[in-house]
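**Student:** If you want the building blocks of each chain, they are given just below.
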Amino acid sequence: MNQTAASSLAHADAETSRALVIKNLVKEYTPGKPVLSGISLELEARGITAIIGPSGTGKSTLIRCINRLVDPTKGEILFKGKDLAKLSGKQLRLARRHIGMVFQEYNLLERLSVMENVLSGRLGYVSPFRAWLRKFSEADMQRAFELLDQVGMADFADQRADALSGGQRQRVAIARALMQSPDILLADEPTSSLDPKTSVEILDLMTEQAKIRNIPVVINIHDVTLAKRFADRIVGMSSGHVVYDGAPDGLQDEHLKAIYGGEDWLS
Amino acid sequence: MTSSDTTTAVQRRYKPKRNWLATISYILLGVYLVYVLSLFDVNTGRLADGMEHGANFLGRMFPPNFERYNLLIEGLLESMQIAIIATTAGVVLSLPVGFLAARNLMPAWVTWPARLLIVACRSFHPVIVAILFVKAVGFGALAGTLALVVASIGFIAKLFAEAIEEISLKQIEAIRATGAPFGSVIIFGVLPQVMGRFIGFTSYQLDSNLRNSTMVGIVGAGGIGGTLFAAFQRFDYDFVSAILISIIALIMAAEGINNIMRRLYR
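Protein chains in written order, with the UniProt record's numbering: chain A, 1 to 267; chain B, 1 to 266.
By construction, these hints were calculated from the structure, which means they are not laboratory data.
No incorrect hints appear here.
No farther apart than 30 Å at their CA atoms in a straight line, the calculated lysine-lysine pairs in the DSSO-like style are these:
1) K74/A with K90/A
2) K90/A with K170/B
3) K170/B with K23/A
4) K23/A with K74/A
5) K90/A with K135/A
6) K211/A with K80/A
7) K257/A with K23/A
8) K23/A with K82/A
9) K170/B with K197/A
10) K257/A with K197/A
11) K74/A with K170/B
12) K158/B with K170/B
13) K211/A with K228/A
14) K80/A with K90/A
15) K33/A with K82/A
16) K170/B with K135/A
17) K74/A with K257/A
18) K228/A with K197/A
19) K23/A with K80/A
20) K86/A with K23/A
21) K23/A with K90/A
22) K23/A with K228/A
23) K82/A with K170/B
24) K33/A with K257/A
25) K33/A with K86/A
26) K80/A with K170/B
27) K170/B with K33/A
28) K211/A with K197/A
29) K135/B with K158/B
30) K170/B with K211/A
31) K86/A with K170/B
32) K82/A with K211/A
33) K228/A with K170/B
Taking the hints into account, I'd like the entire structure generated from these sequences.
**Tutor:** Structure representation (structure tokens):
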């Protein structure tokens with residue numbers, strides 16, 4: 001079935017192949033208590049989509065369902081002609097190679113060097129034995145250095161990740177995600193552990209790099225101001241449902257009330 | 001003044017809850033201790049006698065006699081060899097066993113047999129295992145080495161599995177998200193997080209194996225222990241003290257080497 005879907009998409013142009021379609025996605029950690037209760041979203045092949053909503057509303061779960069760090073209970077996630085929700089084993093790994101991810105707490109390999117961290121983005125492409133010997137290809141090496149240049153961390157290649165500041169770590173994490181040559185970039189609260197100035201720098205870097213590569217970005221973010229500033233489209237979630245989906249300009253106080261509840265905080 | 005009376009300006013109090021289970025356990029423990037001590041039949045007469053025997057024994061140990069240094073050095077070297085080979089082999093075998101026993105990486109049907117093996121290795125004191133191996137492969141260093149390999153697996157594999165169970169899963173998550181195969185997740189996500197502690201366990205086990213290797217000789221499994229036991233039986237207490245001093249020196253030297261090793265792998 002996947003075969004036919006893939007071949008039909010092969011006719012479509014490269015752009016639409018990067019579109020992400022989520023259909024009726026349900027996730028229950030405990031049966032009967034859905035965290036996501038039937039999410040349906042169609043994300044275009046380009047642009048920044050920000051998902052906003054209160055803590056515990058399933059934003060992280062949604063984004064982790066896309067690259068299957070979390071297994072959805074029901075629903076479809078269509079990307080590049082495959083239903084990601086149905087993949088397993090090798091097929092899943094091959095699909096993950098093309099999905100870059102940036103995390104709230106950077107999730108760097110603390111005891112390894114910055115360079116090793118960036119190269120770890122290629123682990124889907126090299127055998128474990130070569131990975132153990134750190135025998136990455138010359139092309140990968142050059143790419144890693146280029147990416148370190150682009151995120152402004154070239155001078156830190158030899159440093160251990162645990163010696164870096166928060167902003168520096170997130171830059172390395174972005175380089176690692178880009179090292180995968182991703183077709184889509186997922187970011188789970190990428191700025192929540194950073195100060196306001198660094199947050200803006202990180203989002204600048206991420207959106208700029210995504211635009212250069214023409215790949216779509218999905219960002220979980222709870223800072224509404226930042227979401228409005230950087231996103232082309234905002235999806236508001238509340239208790240497992242999508243309650244707003246549209247342009248940043250269209251996001252009014254009434255929507256925020258529906259998303260976060262209450263109104264005292266809005267004044 | 002009831003605790004529910006909060007409507008008026010009563011000063012409210014907070015009293016931490018008493019853990020009754022712990023209190024009762026402590027009392028029972030104390031009672032048992034007193035009972036056990038009463039079984040011992042310690043009295044001043046026995047203590048005085050013991051002191052005298054002890055003084056006599058210590059007197060005969062002094063001065064230590066290093067005349068048979070050939071025997072001494074031969075025994076020490078053998079003990080050292082037993083310890084080093086047993087630690088190396090034990091560590092190499094512990095790595096896979098520890099991985100298989102880590103519950104956050106492996107399914108239950110893998111961890112259970114691995115944990116069973118670890119428990120089996122830990123169940124018996126090395127001397128008991130050494131007796132078994134002496135029966136199996138005969139007197140000599142091989143029996144002692146095998147006994148200490150078993151002891152090393154029981155210790156290192158267990159601690160290694162625990163170290164793996166305590167790692168940060170965030171790094172694993174990140175590596176899984178790149179589409180890395182399981183082997184690479186281990187190599188990049190797990191190993192760097194546990195390697196430092198693994199070196200620590202290994203150096204501790206080398207230390208422990210050195211001490212145990214001086215003992216398995218008592219049951220004929222090679223090393224300085226055999227010489228020590230023979231000297232005891234022949235009442236050569238001055239030679240005994242020479243052997244004891246040499247063992248202390250050996251352990252101290254190992255301690256120094258251990259410290260250097262740990263500094264290298266900080």
